[in-house]
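**Q** Using the sequences provided together with the hints, build the complete structure.
So in the numbering used here, spot 68 of the sequence shown is number 68, and the numbers just go up one at a time.
Heads up, none of these hints are tricks.
Now the in silico label distances, taken between C-beta atoms and shown as ranges:
1. L42 <-> V116: 35 to 41 Å
2. E136 <-> P69: 26 to 32 Å
3. A110 <-> D52: 20 to 26 Å
4. Q132 <-> A57: 33 to 39 Å
5. Q21 <-> E55: 39 to 45 Å
6. D63 <-> P138: 45 to 51 Å
7. L13 <-> Y119: 35 to 41 Å
8. E108 <-> W17: 48 to 54 Å
9. G40 <-> D63: 33 to 39 Å
For lysine-lysine, the following BS3-like pairs were computed, each having C-alpha atoms within a straight-line distance of at most 27 Å:
10. K125 <-> K97
11. K85 <-> K97
12. K85 <-> K125
13. K125 <-> K115
14. K15 <-> K85
15. K97 <-> K115
16. K97 <-> K67
17. K67 <-> K115
18. K125 <-> K67
Read the hints as simulated data drawn from the structure, not as lab findings.
Fair warning: this is a prediction, and the values are worked out from it, not measured in the lab.
We treat Cβ as the ideally placed atom computed from N, Cα and C, and that holds for glycine.
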Amino acid sequence: MHTPARFTSRTWLRKIWTGGQIMERCPSFCTDNHRNDDIGALDDLQHGVEFDGPELAVFDVEDGTGKWPVLAGRINMDPHNEDMKRRVPHVNLSIFKDEVMECLSPDEFAAVIAKVRAYCDGLEKVHAQLVQARAEYP
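**A** As C-alpha cells, this is what we get:
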C-alpha cells in the first residue's frame, strides 16, 4: 500500500471544521490511507482494516446469478464517536446482502458449508488481530 508522505508516520495534525485542531495517530492495525482526513468533523474519523468474505453464487431477480461476498467486514475504530463502544476496536460484519440462494442441491449446499467453514477458520485470525488491537488501546 502506498502511503502519502504526510502520513508516513501515521500521525498527523487534523483541523476540525468547528474550530481547533487535534493530533491524530493510527493504531497499528489501521490500513486506511487517511488521504482526505486532514480536515473534517471530529467524529468523522475512522481507523480500520477490511477483511474479505467468500464469494458465493447468488440469484438476483434483476441481475441473474452473480457472485456476492458474504461475511465480509472490517476491524474498525471511531476514536471520537459519542458511543463508547465505537471508540474501541470492534468488528463490523456484513453478514449478507439482501439476496437469496435458491434451489441448492445437496452438493451445492455442501460446497457452501465448506466455504463458510474454511472462512470461519480465517475469522480466528481476525479475532486474534482484534484482541491485539484492544490490548494496544489505552
